[in-house]
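From just these sequences and the hints, can you work out the full model?
Number of protein chains: 2
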Amino acid sequence: MTAHPMLIAGEWRSAPADASTFQPSNPSTGELLPDTYPVASSAEIDALLDAGLSASQTLAETDPTAIAAFLEAYADGIAAATDELAALASTETGLPVKPRLEVVEIPRTTGQLRQAAAAARAGDWKQPVIDTANNLRSQLEPLGKPVLVIGPNNFPFAFNGIAGGDFAAAIATGHAVIAKAHPAHPGTSKRLAEIALAATATAGVPTATIQLYYRSSHAEGHRMASDPRLGAIGFTGSEGAGRKIKAAADAVGKPAYFELSSVNPVAFLPGALAEKAADLATEFSGSCLLGTGQFCTNPGLLLTIAGADTETFLTTAAANFNAAPSGVMLVPSLPGELDASVKALVADGAELMGRGTQPTEPGFRAQPALLRVSGATFLGDPKAFQREMFGPGALVVVAADADELAAVAEHLESSLTASFYSASDGSDDALYDRLVPIIAAKAGRLLNDKMPTGVAVSPAMVHGGPFPAGGHPGFTAVGIPASLRRFGALRCYDNVRAGRLPATLQDKNPNGVIWRLIDGTWTQADVAS
Amino acid sequence: MTAHPMLIAGEWRSAPADASTFQPSNPSTGELLPDTYPVASSAEIDALLDAGLSASQTLAETDPTAIAAFLEAYADGIAAATDELAALASTETGLPVKPRLEVVEIPRTTGQLRQAAAAARAGDWKQPVIDTANNLRSQLEPLGKPVLVIGPNNFPFAFNGIAGGDFAAAIATGHAVIAKAHPAHPGTSKRLAEIALAATATAGVPTATIQLYYRSSHAEGHRMASDPRLGAIGFTGSEGAGRKIKAAADAVGKPAYFELSSVNPVAFLPGALAEKAADLATEFSGSCLLGTGQFCTNPGLLLTIAGADTETFLTTAAANFNAAPSGVMLVPSLPGELDASVKALVADGAELMGRGTQPTEPGFRAQPALLRVSGATFLGDPKAFQREMFGPGALVVVAADADELAAVAEHLESSLTASFYSASDGSDDALYDRLVPIIAAKAGRLLNDKMPTGVAVSPAMVHGGPFPAGGHPGFTAVGIPASLRRFGALRCYDNVRAGRLPATLQDKNPNGVIWRLIDGTWTQADVAS
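The listed protein sequences correspond, in order, to chains A and B.
Under full-length UniProt numbering, the residue at position 170 of the first sequence is numbered 170, and the numbers go up by one with no gaps.
Under full-length UniProt numbering, the residue at position 415 of the second sequence is numbered 415, and the numbers go up by one with no gaps.
No lab work stands behind these hints, which were simulated from the structure alone.
Note that the Cβ used here is the ideal one computed from N, Cα and C, for glycine as well.
Please note that the accuracy of each hint is not assured.
[Said to hold, decoys possible] Subject to a maximum C-alpha distance of 20 angstroms in a straight line, what follows is the list of computed EDC-like cross-link-like pairs (lysine to aspartate or glutamate):
1) B:Lys450 / A:Asp131
2) A:Lys442 / A:Glu239
3) A:Lys383 / B:Asp227
4) B:Lys450 / B:Asp429
5) A:Lys450 / B:Asp131
6) B:Lys508 / B:Asp526
7) A:Lys442 / B:Asp50
8) A:Lys442 / B:Glu61
9) B:Lys276 / B:Asp425
10) A:Lys442 / B:Asp227
11) B:Lys383 / A:Asp227
12) B:Lys442 / A:Glu61
[Stated by the list, open to error] Not close to chain A: a few residues of chain B, all C-beta gaps over 12 angstroms, as computed:
13) Ile45
14) Gly77
15) Ala79
Put into structure tokens, the structure is as follows:
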């Protein structure tokens, strides 16, 4: 069978007959799917960059209402194709059609696209600032170059390079996107690109606003990351690949945002466990096992203090893990990687407390795993005990006392989230107040009394944190309009004649709704004349 | 004579007797000054980092009014010592006491410190966002670690690591600063640190809020940049040193901001020259020669189209340059570097149009230089003709026509500023509209009808741009509160109990003046109950 074409410069282009190709698998069966996809050549990468640059220059001058119309037409197209897309993605990822793909992830994705459209139309992401006394006016503006978006394996829609959060943010701020499909779900990505291409025509934006390839050599990927035609990068994926892309982008000072790894510590303070240890164990187990644990914010490291209630918690949690069926994982290597992590943790001194059913069905299946380790053992090699177990695995650190727990907290690396369960009667408050200052600066989001797996697309959400959890501690990958600001260049107009100013910096508020900081006051009004 | 001590952990510590030392010079005489300063050892760097980390942890929990009080007490102390400081800085830099140091730079510096104090007190830099429906609240917060500030040679006060814009921004956001004095003005920096130390006592902030060293080995500098105890870096200086510091910080994902090099293109469009070529030549000459041209925003590359008015402009400008006296430069190497650049440009095909008086007095004196080159020659090697001539030097590109000028614009590298002079009657507007989209994305600030040398400390100012002019295109080094946001970490409070929220995220507006984005509306009001 001929390899599927790539979307380059508005056309579906087939790779040369001698191009390298690859085949995705069906994780539920473990079998290769019949479709083949090409590895992009150097010439194809150049064509993507050229077309993306040209489209970005056009988009930087395009009325945001046309860009919003594109995002909304695309969201409509995805919604109309929900059944087909969910079936296709389920075949490529092993994720269930319902509720995960149809009820949760596709609506989340179209919702993000519509929020991004609204943000493009309102323009608030630009944060215009006007100082009338000095006639200085500044705002965030498009980079004028395309954004490369490399999505992860675990969200075929909501974080897909051609449809997810980074995509929506880059488009809404006036950039063309060069999307790299994750090679585990290339067919889903291609179908999304077809729908997006149709939406470009509906909205009248350049066809090269969206382009798609599936894979390149590492060398071509690094070349692309440092190419002057590229404006910025959004990358969600493995730490090894991400660090190399980051180095290439950093060397030329290109903005690049990463989400690489996170163990998401959850502290169960003694008073909380005294109140409801078993309930909390079940809440934790459900969160950790959801979607075979394949979430960036999966709770992977639990912090407790030794005691009878902690043993109750562990007993219940272990029983839940022991009873858990094996789960399908996204790509062939993941179950083995989880097994290897479990073995390594045991070799380092952790104890296996619960292990899900041994898989008997075909497919890329993993056994959930719950481990425990003493605080003292953890402190002997804090780095080893913070290895990310991607999937349904977690390590419970049982500290001897509050001092040892504080010492463990001191050694935590960066994460996307940090969660604290504490007693309702205030009995944990002193310990909370001691631990939070140690841990809070290491994570983008601090939670009370809830699991970190839910990531609401809401303006105040932060999905990020210090490197390598995030790429820059000042930004978030989820939450609109904050996530859009990652792709903005701050530009000042100094004494620029009135008729030459961008609409959002002119005296008159261009749409009546954009918030502007005029002489120190945030307002939707015009500049007073 | 014993080497001057460093300010480490609140104490003036002398280096060991066998430490390497250096002596600054008096640029006006060319002679070494009698004072010696130590090169910091590895142990001293560690002591700076330890004390800075501890102080930063305290400052992150300190009431911003105490931090504001420190900044204001420090500004008061500088103002009170103006005469002494200006005399000392003049000896070390060759810059005139009046008007430059006493009338311009010291008041600018105290003004920045006071603006930063006001920003700390108001808290707007945090940009709090509250979504009541989801009970999500987020804001920018201190990193919890110290900021290393490395200042340049050309502003002994306004960009000094111990007193300038990066210093003020880092302190106002709740960080301790580890300042590296520029080795060309260590005495000025030490005197500033003494005044700052006294102000820490007045305001009751940790004494290690401010620390000072003078020099380290390159290896120690790179180790410091990647050390986990350090939160962020602000660097203004040479591109070679900056790129190495950047690589060390990038490898560990540490936020680092740079201002490295900029030629600041100024386009004189034909209609503007037709109106007043000679006046514009004098305006340009004054800007380029001011302060011996030692400004980051010095106009170093002029863009023109061939014609009689351009020749008038060039004739007048050349006469101004020919009549210019030699000027004192900051460090011994600079006059020679300027000479070498002039020779290289001539060798590449530029023509020397004006050259200031040959120096006869002692000191580090440079001859101003004005050169011209055709657009065609420029296009033969655009990179070579954009070498930064730090000091009183500029290259005028004379393009054959508008198309050639547009081609020149396409090849411009990044700069802090881009300026356009155009006719008052609209006759240049078509050319302006053609050139600006090419050039604007390459600079942080676009100017009309004025020279770029003035950089107002105003909220809408942008002093930055794409790398290597700036370090990240989304930020500015000048302008409050925007410059403060560089040092913020975005943190979200998800379902966090009301009593545990930071004051600025609680329902009640803590000071009645901080602007917060509550459910999509910027307001100074409380959250509606």
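Quick rundown of the hints versus the structure:
Annotation: proposed proximity of B:Lys450 to A:Asp131 holds, straight-line Cα distance about 17 angstroms (limit 20 angstroms). A distance of roughly 17 angstroms separates the Cα atoms of A:Lys442 and A:Glu239; the hinted pair therefore holds under the 20 angstroms criterion. A C-alpha spacing of about 17 angstroms is found between A:Lys383 and B:Asp227, which places the hinted pair at or below 20 angstroms, so the restraint holds. Pair hint B:Lys450 plus B:Asp429 holds up; C-alpha atoms about 17 angstroms apart against a cutoff of 20 angstroms.
Distance restraint check for A:Lys450 and B:Asp131: the Cα-Cα separation of roughly 17 angstroms lies within the 20 angstroms cut-off, and the hinted pair is therefore satisfied. For a cut-off of 20 angstroms, the pair hint linking B:Lys508 to B:Asp526 stands: about 5 angstroms separates their Cα positions. In summary, the hint linking A:Lys442 to B:Asp50 is supported, as the alpha carbons are separated by about 18 angstroms, within the 20 angstroms threshold. Pair hint A:Lys442 plus B:Glu61 holds up; C-alpha atoms about 16 angstroms apart against a cutoff of 20 angstroms.
Between the alpha carbons of B:Lys276 and B:Asp425 the distance comes to roughly 13 angstroms, so the proposed pair stays at or under 20 angstroms and holds. Between A:Lys442 and B:Asp227 the CA atoms are separated by roughly 16 angstroms; this keeps the pair inside 20 angstroms, and the hint holds. Distance restraint check for B:Lys383 and A:Asp227: the Cα-Cα separation of roughly 17 angstroms lies within the 20 angstroms cut-off, and the hinted pair is therefore satisfied. Proximity of B:Lys442 to A:Glu61 is assessed by CA-CA distance (about 16 angstroms); at most 20 angstroms being required, the pair is judged to hold.
Non-interface call for B:Ile45 relative to chain A: holds, since the shortest CB-CB distance, roughly 22 angstroms, exceeds 12 angstroms. With a minimum CB-CB distance of about 27 angstroms to chain A, B:Gly77 clears the 12 angstroms threshold, and the non-interface call stands. Distance check for B:Ala79 against chain A: the nearest CB is about 23 angstroms away, which clears 12 angstroms, and the non-interface claim stands.
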